[in-house]
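Participant: Quick note: the sequence shown uses my numbering, first residue 10, plus one each step.
There is no bait here: all hints are sound.
Here are the simulated EDC-like cross-link-like pairs (lysine to aspartate or glutamate), alpha carbons at most 16 angstroms apart as the crow flies: (1) LYS168 with GLU147; (2) LYS59 with GLU116; (3) LYS198 with ASP140; (4) LYS66 with ASP37.
Ranges between beta-carbon positions, derived for each pair: (5) HIS229 with ILE24: 46 to 56 angstroms; (6) PRO92 with SER260: 42 to 52 angstroms; (7) ILE24 with GLU67: 29 to 39 angstroms; (8) THR39 with LYS232: 24 to 34 angstroms; (9) LYS173 with ASN308: 17 to 27 angstroms; (10) ASP37 with ARG162: 27 to 37 angstroms; (11) ARG298 with VAL23: 39 to 49 angstroms.
Source of the hints: derived by calculation from the structure; they are not laboratory data.
Cβ atoms here follow ideal geometry from the backbone N, Cα and C, with glycine treated the same way.
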Amino acid sequence: MTTFTKITDEQQPVISVNPAFKLSDIDDKTYSGFTEFVQMRRVPLRTTSKDVIEALKELNSPVVRYPDGNFCATYHWQDGIGPRENRHKRPELAWIGLESNQFGTDEYMKWCEKVGISPYIALNMNTGTLDEALAWVEYRNSTQDTYYANLRRKNGHEKPYNVKYWALGNEMWGPWQVEQMTKEDYAKKVFQWAKALKLLDPSIGLILCGKEGQDAWDYHVLKECIKFDRHARGNDGCLMEMHSIHLYTCSNDHLENVTAPRAAERCIEMTGAVVDLVLAENKIPSHVRKQKVCFDEWNVWDSSRANGRDGAEEKRPRGRNLAQCLHSPEQVHWHGQHCTICQCHLAPYDNQVWHLQADNVVAVAAVLSNGLSDIRCMKYEAASFEDKEFGRKEVNMTDTILLMLHSQKSSAVFPSRGDYFTEIY
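Based on the sequences and whatever the hints tell you, model everything.
Facilitator: Written out as structure tokens, the structure reads:
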């Protein structure tokens, strides 16, 4: 909870924080990710890496999508099962490489078990067929005495994998996709696929391929696919459980980078609003479970600076890196110093950022509601800044930043236009 209290020049501003106050619970699936099949010479030729597995365990990521994003458009899962020596190599068209198929369905499931994550499968709706998708669901989830369930048993896994989440394609709207679709074609096709998949396994959760939430693609696909349909089972009421959105926010414009987290929030809000609109227009009963937003791909990677074929590493100013820590309360080690970043927007002055000198800096963003254009931050004095370069200068900020330094010299940055101080409870 945030309140705005008017203060006089004589008063000393103070920050109050109540760590016990909780706005709401956060779904643990928020901290999920997805695999990326990289086709480049700089990557070691190993199916799994112990150091990567250990790092992923520390992340405690609950769900990881497979197989990749664009990669799934030409991936055929049956190429990646059975004895490895019998698997065929295939051309890989998303990143123009060669797919060895050495890391396939069963390897991925073992990897999930080893890391401690839940699987999330992206179906090939581009060059794949409905029969192929049904076979994959049967292979992973069926308990019956059927061909693909028995094939799974033959390959060493008697019990079903019970995969819950299945994505109905990936970025089908994109011109970079093999067999790109219009929103009309995708909506017709995906609804028929969903009916068949739910008839085979009513327990699975199907996830629509969306765009950024507010696009005409999103509205049309949701309008055509969220229906009170007789093919849904249990308490689903509708065939679709979620609607996915993707957002890439990296830009050469610094302000766009700093405001990108808020843009992501708006995409989520607008997607939810579109879902509500469609539920009303399609007269979906109120007792039917509402479709959730699946924000299953976002990134700050700029392909123009790191094209992916020679590596995906980007060298970026520290200010941008800090801005992208928004909404990720993680410990960040910066030049041997330790600081905790908790929802802060940092806009560097002259494409630089403050030089932190103190340990244990806690930054809390107090976001004002009257827009970015009239927010400016002025004088600050603290041992944590180099006075020579930044002392007593007026610095443009996208949001007000309140800094509490765990030292005798505390510091606060205030909006120069206002006489309001923000307390956070």
